[in-house]
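S.K.: If you want the building blocks of each chain, they are given just below.
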Amino acid sequence: MHIDTNALISVFSELMSVQFLIALMIGVVGGIIIGALPGLSASMGIALLIPVTFGMSPVAGLTMLAAIYTSAIYGGSISAILIHTPGTPASAATAMDGYQMTLQGRGLKALGTSTICSVLGGLFSAVCLLILAPPLAKVSLRFSSPEYFLIAIFGLTIIASLAKESMIKGLAAGVFGLLLSTVGVDILSGYPRYTFGITALESGISFVSAMIGLFSLSQVMIQVEKMNEKTNKVIGDLRGSFWLTWSELKSIWRTIVRSSIIGVLIGILPGAGGDIASWLSYNEAKRFSKTPEKFGKGHIEGVAASEAANNAVTGGALIPLLTLGIPGSSATAIFLGGLLIQGLQPGHELFTKHAKITYAVIVGFFIANILMGIVGYLSAKYVVRVSTVPSGILGPIIVVLSVVGSFAINNSIVDVYTMAIFGLMGYYMRKANFPTAAVVLAMILGPMAERGFRQSLVMSKGNVLAYYAGRPICIILFVLIIIGLITPILMQRMSKNTNTAIDD
Amino acid sequence: MKKQIHHDVYIGLVMIFVSLVALIKALPMPGNAAQFPVLMIVILIAFSLWITYQGIKKTQLINSGKAKKDDIIFFEKTKMPLISFVIVVIYIILIEILGFFASTTLFVAAFMYFYKIRDLKKIIITLVGLNAFIYFLFVIQLNVPLPKGIIF
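Listed in order, the protein sequences are those of chains C and Y. The opening residue of the first sequence carries number -10 in the numbering used here; numbering runs sequentially from there. The opening residue of the second sequence carries number 119 in the numbering used here; numbering runs sequentially from there.
Simulated from the structure, these hints should not be mistaken for laboratory data. There may be inaccurate statements among the hints.
Listed next, the in silico DSSO-like pairs over lysine-lysine satisfying Cα-Cα at most 30 Å (straight line) [as the list claims (entries may be wrong)]:
| # | chain 1 | residue 1 | chain 2 | residue 2 |
| --- | --- | --- | --- | --- |
| 1 | C | Lys420 | Y | Lys266 |
| 2 | Y | Lys143 | Y | Lys197 |
| 3 | C | Lys420 | Y | Lys195 |
| 4 | C | Lys450 | Y | Lys143 |
| 5 | C | Lys215 | Y | Lys234 |
| 6 | C | Lys215 | Y | Lys240 |
| 7 | C | Lys215 | Y | Lys197 |
| 8 | Y | Lys186 | C | Lys215 |
| 9 | Y | Lys195 | C | Lys215 |
| 10 | Y | Lys121 | C | Lys420 |
| 11 | C | Lys370 | C | Lys283 |
| 12 | C | Lys420 | Y | Lys184 |
| 13 | C | Lys215 | Y | Lys239 |
| 14 | Y | Lys197 | C | Lys420 |
| 15 | Y | Lys239 | Y | Lys197 |
| 16 | Y | Lys121 | C | Lys215 |
| 17 | C | Lys420 | Y | Lys175 |
| 18 | Y | Lys197 | Y | Lys176 |
| 19 | Y | Lys239 | C | Lys420 |
| 20 | Y | Lys195 | Y | Lys184 |
Between the sequences and the hints, there should be enough to build the whole structure, so can you do that?
M.R.: Structure, rendered in structure tokens:
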């Protein structure tokens, strides 16, 4: 299968609509601001803005979510460079050299490097997404009920592996989410399951409300914990030039290319995100550099490596999501929710039946990366002031947006209470190191998993194991699930080794 | 010295309790409808037992001084977040009584006061900006019928 050029040409009409341009702008500006705020993640930004996409066309809505995703990763570097507080974990490596540059009076140069490299990394990943996704999506044509069941389990395994402390906690969160997804009237038998006589529960628990509660309200509660802590965020001195000189560009282009490739590959790899990509690229840049001793002391190459990589992750992570429905991170798990809300199922149909929408979103993602650079150039030194806004102002704003967002789903106050309950649950889950994303993803994938499970039970005629073992894709998926369970342990070791190497 | 119990013990036990309630509720379901939930409950009970067991081990380590007490979630530390949660619940209840914008105004002012932000200028700017943004985006653009109460 090749790229559908007709669809690609026709998408440009979609991209000219006013709604699309507004959505793009909200996504980019909102993403940069959310990213620059320490503690607020790309996942939270996407969760908070999903209800806004309900009233939009699929192209505008999904482009906005993709724009938030990439811009938040970039926004995180602004606070990392200027106040030594990474806005997102993906920018932690940027702080190493970025903040040193600021201390040396080269803060603007660090911002310029970060902006240019983030844009280039993001653009490279968008091109990879455009080239790699259509042929890969063809694989999904061979999926039937058993494969869909295993895909859901694989996705959950990946998200469960994001648990900081123990994978069992991640898996337990996923299974709990699957159980929650059974609430409501069973489509096949018509039996109301776990509704406790409450009419509102007959249509199930709204996963968008749950998502907003788990990601946003819980975050506000965590911020409240620190309300008595005194913060002393001093914005570094901004002098010098934003733009890189020709010789500076020449000195880092190899790093940008290498880091972008690493970023895309890490993005495709489920379970590994921007933080791993940026540290790995940083380490590789140091290894290949002629002047490794300069790293950690305000070296432009250090900023370039980390920034090109973490933004390249975004397009890479969308490849398995759009083609096979496998989300590799919290942000892409929420993005999957955004896709399903628009009635779009990941897989082959996204690149055939819905090609016009999909290609428009990919091109929109490409444009978002360029716009991110322009907005970044114009506003980076002002955006950083947002990160000094006290939590006492941000907290109520996030709560109100969570309330209005969850109400807007069905214009129902029940969804707002659902959001609040999940907010409380999310707070304790995060305190006890249970990954909240696993619950959300399980609630999203639950109906597909159950349908696949029940249909394959019927089709197997009693011999489930033999039935699954007779299907090659099922065997591959079984192997991937096992790899998915082992990889986090290896990744943790690799990350530890990388950090040790950097400390050295 | 008072013995501390690691929170994983409580969490594991709560998960077992929830699983058992879900199992009892699954009993009257027709066979096909019960299959998937029952399978999930069985797996969840197995994980819960493991988490409880790990919690007991962590408790022993903490009480023997081999692990830090900081690893435990203390009520004292979660008190303020819980108060803020109660404020949020009161806000949601008030939405149906006073209407969205009136209760939002009250909530934002109260939350900022609770958060020790007493600068009137900051409170007013936040209130006006937030209400205007929501009115423009959700009411005008997205046509969301936000609840109207006795005030607005």
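S.K.: Identify every previously stated hint that the structure contradicts and give their numbers, smallest first.
M.R.: Structure breaks hints 1, 2 and 19.
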